[in-house]
Amino acid sequence: MLTAILIMSGLALVIGVILGLAAIQFKAEENPLVDKIDAILPQTQCGQCGFPGCHPYAEAISRGEADINRCPPGGEEGIHRLADLLGMDVKPLGDGQAQAKPKSVAVIDEQRCIGCTLCLQACPVDAIVGAAKQMHTVIAGQCTGCELCVAPCPVECIDMEALAEDITQWKWKYPRYDIKNSALNTNG
Amino acid sequence: MRKLFTFHGGIHPPQHKALSTHVPITRAPLPSLLVVPLRQHIGAAAKLRVRPGDPILKGQRIGDADNAVSAAVHAPTSGRVVAVEPRPVAHPSGLPDTCVMIAPDGEERWIAHAPLDYSALPPSMVLDHLRDNGVVGLGGAVFPTHIKLNPGGGAIHTLVINGAECEPWITSDDMLMRERAAGIVRGIHIIRHLLEPTETVIGIEDNKPEAIAAMQAACDGHPIEVAAIPTLYPTGGEKQLIKVLTGKEVPSGGRAYQIGVICMNVATAYTIYRAIDHGEPVISRIVTITGNVQSPQNAEVLLGTPLKDLIALAGGALPGTQRYLMGGPMMGLELSATEIPVVKASNCFIAVSARHFPPPPPALPCIRCTRCASVCPVDLRPYELYWFARGNNFGKAQEYSLFDCIECGGCDYVCPSHIPLVQYYRFAKSEIWAQEKDKRAADKARQHHEFRQFRLEREKTEKAKKHAKATAGASSGDDKKAAIQAAVARAQAKKSAITPKNTDNLPPQAQEAIAAIDARRGQPRDASISPLSGADREEDTMKPAATHQETGEER
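Line order of the protein sequences matches chains A and B. Its first residue numbered 0, the first sequence is counted upward by one per residue in numbering that gives the first Met the number 0. Its first residue numbered 0, the second sequence is counted upward by one per residue in numbering that gives the first Met the number 0.
The set of hints was computed from the structure by calculation and includes no laboratory data. Since the structure is predicted, the reported quantities are computational estimates derived from the model, not experimental observations. Each hint should be verified, as a subset may be incorrect.
[What the hints assert, rightly or not] Calculated lysine to any residue pairs in the SDA-like style (CA-CA distance at most 25 Å, straight line): (1) A:102 - B:15; (2) A:102 - B:197; (3) A:100 - A:162; (4) B:436 - A:106.
[Claimed, not checked] Sample of chain B residues with no beta-carbon within 10 Å of chain A, all distances over it, derived: (5) 27; (6) 122; (7) 242.
All C-beta atoms in this analysis are idealised placements derived from N, C-alpha and C, irrespective of residue type, glycine included.
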């Protein structure tokens with residue numbers, strides 16, 4: 000009887016120590032859920048969700064502090080994917096939240112730019128090049144369309160221009176065709 | 000006789016090829032305006048190198064290859080560039096794309112061009128020559144040839160030349176083989192020189208006996224085999240033709256060079272011959288004009304010729320023409336206007352009428368009869384793909400190898416419910432591509448944002464460090480005092496080292512006078528007045544007067 004108890008408690012001790020060590024050894028650096036949520040967010044870093052960037056918003060969602068319907072650039076599809084990931088119900092974009100807009104990029108009117116560098120400091124992805132008293136310009140390929148540079152500009156020389164559809168990014172539309180009505184009616 | 004293999008599925012649509020093969024290749028007349036798109040190949044559009052108003056020669060390069068995957072574009076005739084602007088082009092979207100508009104002068108003056116002695120040059124230079132002459136795959140995919148001929152790594156053991164031309168109505172490759180077999184064989188020699196394959200085989204469907212005979216005659220005495228293959232759509236697909244001729248299957252998601260095979264269209268071989276042996280860039284191609292037109296035919300057409308000129312060449316469209324297709328009826332695309340120009344990919348234009356193309360009956364629900372699966376040349380399950388694409392379940396569609404679909408349209412053709420299946424696959428594919436593109440853009444934005452955060456943090460700590468250092472220096476009072484002392488001492492030493500210079504070069508009398516004055520200054524004021532003092536006073540009183548005079552003059 001005593002031997003059995005000793006063996007069992009000994010085993011428990013050994014396994015406990017192994018588990019404890021393993022927990023320290025393989026400790027997850029960051030919450031993996033945050034990365035999964037962050038991967039779905041559009042990375043515009045626009046702050047329209049009320050958080051200073053996509054990663055903080057992902058963290059807030061993972062802690063259950065923020066709703067999944069606060070990201071206008073992600074749109075309906077983003078909400079759907081977040082709902083899938085988190086096993087939540089799909090909700091429409093939150094109240095007071097801007098509605099999803101067509102993707103656009105910032106364009107600086109170079110005639111009006113005074114080279115104040117305020118937009119450079121506002122850009123969350125360093126997509127504006129320029130220096131003090133030098134003309135600034137937006138690297139269109141890197142601009143996420145967050146609009147954060149528009150407000151700080153003292154001469155209102157930044158406009159958001161919607162990306163026109165061209166051949167390189169045109170998509171095939173969902174097929175729409177006539178269903179034979181009479182057939183459906185007779186079947187139904 | 001070569002042992003032939005079969006691929007899964009395939010269909011036998013009505014051919015309609017004889018319609019356009021009874022007359023030899025004609026030459027289309029020079030149009031009044033050429034519209035040359037800068038994007039005539041897969042990859043990046045060519046980079047414009049002319050400006051409106053520029054005079055231009057036939058064969059002059061108007062666009063450079065702009066990227067690794069790109070090819071040059073040339074002026075099809077001499078004349079003048081009248082504009083560079085977006086124009087409707089042959090694209091399923093119907094959207095405009097940048098085109099160079101050329102007004103021909105009718106003189107057809109060539110730019111200087113010369114044959115290339117390819118055997119004396121390293122392969123890379125030959126490939127660059129092909130790129131700069133705008134050689135791309137003319138079978139339909141318009142993939143830049145210089146990339147295809149540079150597979151890298153593993154050796155190529157089989158060169159397959161594609162003369163199958165399996166799609167109904169199209170006869171441009173057929174006529175090219177009948178009339179210009181020698182040129183094609185010459186092109187094949189150049190490809191063989193570059194790739195050094197152990198065997199070369201030309202695959203031609205057995206519904207083209209004249210072409211087979213012509214090619215056999217031209218290949219006589221050359222190490223090139225001509226294989227007549229059974230007529231079955233889509234034998235002309237690259238992977239299907241390789242399977243038929245070699246029995247090898249290109250792995251899912253892979254490319255032909257990975258199994259040691261390269262496949263080239265006959266028309267591409269012909270343009271390689273023109274580019275190397277004559278130094279002529281790709282500025283024209285053989286185009287079939289058929290369907291509901293007065294006299295269907297094949298014509299050698301300058302790239303950039305608007306479709307309406309071709310319709311006129313074929314005697315005009317007959318009544319009942321509803322629309323125009325570029326390519327065949329199975330894989331072709333509908334054109335939105337007759338102003339759309341001929342491009343490198345244009346092998347055929349079909350005037351569509353209800354007589355030849357009765358409108359499809361309305362679609363019915365899928366009954367899962369699996370006839371689509373039985374004809375699929377890639378051995379997919381089209382009914383499943385349809386289901387997933389329809390439900391926007393793209394991940395699942397990819398699991399079912401959506402991207403191995405060659406969009407041949409065989410499933411559409413046999414579907415008893417007349418469901419436009421390929422449209423669903425195209426929709427799903429472009430959605431997946433767009434999602435992947437967005438994902439890449441998001442990843443890039445995340446990286447930039449993270450780096451920015453890191454940079455701001457770094458700048459902050461650097462600033463803090465600097466500040467800490469500065470305040471640390473000030474806090475020890477003695478050090479500071481000593482530093483100030485040292486600075487004052489340095490300043491004084493510097494000051495004392497400087498002697499007044501304006502008295503150095505005076506005559507001796509003046510120096511004596513100065514010395515005397517200095518000596519007197521040393522004496523107390525109330526001391527006895529020396530006899531010289533009168534003169535001194537006079538000088539003093541005179542000085543202000545002189546200054547007044549000077550200032551007066553200045554005024």
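- Task: Would you list, in rising numerical order, the hints stated earlier that this structure does not obey?
- Result: 1, 2
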